[in-house]
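Chemist: Given chain A's structure and the hints, the job is docking chain B onto it.
Read top to bottom, the protein sequences are chains A and B. Residue 39 in the numbering used here sits at position 39 of the first sequence, and the numbers go up by one each step. Residue 1066 in the numbering used here sits at position 66 of the second sequence, and the numbers go up by one each step.
Do not rely on the hints blindly, as some may be mistaken.
Below, computed lysine to any residue pairings styled on SDA-like, alpha-carbon distance capped at 25 angstroms [said to hold, decoys possible]:
(1) B:K1048 <-> A:E121
(2) B:K1048 <-> A:Y124
(3) B:K1048 <-> A:I99
(4) B:K1048 <-> A:A8
(5) B:K1173 <-> B:G1239
(6) B:K1251 <-> A:R105
(7) B:K1163 <-> B:F1241
(8) B:K1253 <-> A:I99
(9) B:K1048 <-> A:R105
(10) B:K1048 <-> A:R148
(11) B:K1048 <-> A:E147
(12) B:K1048 <-> A:R12
(13) B:K1048 <-> A:H60
(14) B:K1048 <-> A:I133
(15) B:K1253 <-> B:P1141
(16) B:K1048 <-> B:A1017
(17) B:K1048 <-> A:G155
(18) B:K1048 <-> A:M139
(19) B:K1253 <-> A:D98
(20) B:K1048 <-> A:Q110
(21) B:K1251 <-> A:R68
(22) B:K1048 <-> A:S123
(23) B:K1048 <-> A:D126
(24) B:K1253 <-> A:E100
(25) B:K1048 <-> A:D98
(26) B:K1048 <-> A:E109
(27) B:K1048 <-> B:D1060
(28) B:K1251 <-> A:Q66
(29) B:K1251 <-> A:D108
(30) B:K1048 <-> A:T137
(31) B:K1253 <-> A:Q66
(32) B:K1048 <-> B:R1024
(33) B:K1251 <-> A:D65
(34) B:K1048 <-> A:P134
(35) B:K1048 <-> A:A125
It is worth saying that the hints were derived from the structure and are not from the lab.
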Amino acid sequence: MDSSAILAEIPRLRRYARAMLGDRAAADDLVQDTLERAWSRLHQWRAGSDMRAWLFGIMHNLRIDQLRRPRLSAHSIDADDFDVPTRATQNDQLELRDIESALSRLPDEQREVLLLVALEEMSYADIAAMLGIPAGTVMSRLSRGRERLRLIMNGEQASTRLRVVR
Amino acid sequence: MSPLPITEADLQAYVDAALPEARRSEVENHLAAQPEEAGRVRTYLTQKQALRSSFNPILDEPLPANLSALASPPPTVAADGRHRPLLARWSLQRIAAGFLIALVSGFAGWLAHDRYPPPESLARNSPLPRRAAVAHAVFSPDMRRPVEVGAEQEDQLVAWLSKRLGTPVRPPKLGALGYELIGGRLLPGNVGPVAQFMFQDGSGQRLTLYVSTENTANQDTAFRFAQEGPVNVFYWIDGKFGYALSAGIDKGKLARIATAVYDQIEHK
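Bound conformation, chain A alone (with noise of 0.2 angstroms):
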C-alpha cells in the first residue's frame, strides 16, 4: 500500500467533487466521506491495482447514496438549494462561470461522465468498469451531455442565474 498515493489524489478528488456539485463546502464535505471510507475499507484494495479509479468509485457509490436520501444528514447541502458561490466577475471569469452554470444544469449521470472524460481524461473503458455500466451507455450519455451542454450555453447566454432543472 503506497500511502502517498492517496494523498496525491486528494486535489483530483476535490477538483471533481467541486464540479460535480457545484458547492465548496458541500464538495469537500464528499471528499472528507470518501477519505474516511477509503480508510475503512483499505482492506478491499488490491494493491498493485489502480488507486485514482477506486477512490473515485468509492465517491461515485457515496454520491449515489446520498441522492437516494437526500434529506438525511449533516452533509445535505444540495447543490440544488443555492446559487454557486460568487467569484470575481472580470470579463474572462464570466465565460466560465457560464460554462459551470450550465453544467450543473445537466442531468447527474451526463455530467458524471463529462467530467470524468474532461477532467479526469479516463477512457470509455475505465468509466464503464468504474460506474458498472456499458461502455455504449458512457458513449450515449456523453454524446447527450455534450449536447445538451451546447444548446445551454448557445440558448441562454443572456440569462446567468439560472435554477437547476432536473
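Modeler: Chain B in isolation, oriented as in the chain A frame:
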C-alpha cells in the same frame, strides 16, 4: 474497401483523441465535408477546454485542514496560538509518519469494528449548533436590546470580545449579501465566554454568528447543517474555533451566507 461510416461515437472519440491514427484521418475527411458537424465538434472541444480552465485551479488550492487531517494525525494549534495546519508547512517525514499512524489506526479500527460501534463524527454530537440556535432564538427577536454593544462602536466591540475570548475575533462583512452588522454580545459557553455577532437585512431579518473558542478535540469539520425548531444553523470547527451561523431563513440562502462567512474567516 470503402471506409466505415462515421458514427456519433467516432465524433466523440475524436474530441477525446481516443481514435487510432487511421480512423482519425477518416473522421477529419468527413468533417472537412460537413461544416455543421465540424462546428459541433469544435464546440465540444471548446467545452472541454472551458471545463479544464474552470476547474483545474482547484488542483492548486491548499488542502483544507479537515482533508489533510485524513492523511496525518489531527492538526494541532500552532505555537503562536493560530491555527494553520497547512500541508505546505509540513515536512515529508511528518506526512509519512502521519500516514503510518493513520494506516495503523485504520487497521486497528478495522480489527475492532465488530466490537465497537462506529465512532460518531464529533461535529454531529457537538453542542455548538444547539447552543448557537438557542442564543439566536433568545436574542434575535428582541427589538429594543438585541445586542450589548452596537455596530456604531464596532472597534470597541471587537476589542472587548477579543479580550474576553483571549483571541482575536472579528465580525465578517456581509454587506454584499444585504446584511449589516448591528452589534454583538458576550455569552456563557460550556466553560467560558463565547461571542455572538448579530446582522440584519433591509427587511429586518436577523442572523447571528456564534463564535466559540472552546473546541479541544482537534477535529476540524467542513460545513454541517442542523435545525433547531425554526432556526437553521450551519456550523464548522476549525482548530479551537467553532463557528455557527443561525437564522430563520431557508437553508439555501443561509448556506450561501455561511459560505461567504467561511471564506472571510478562513482566508483573512
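Chemist: Which of the listed hints are broken here?
Modeler: none
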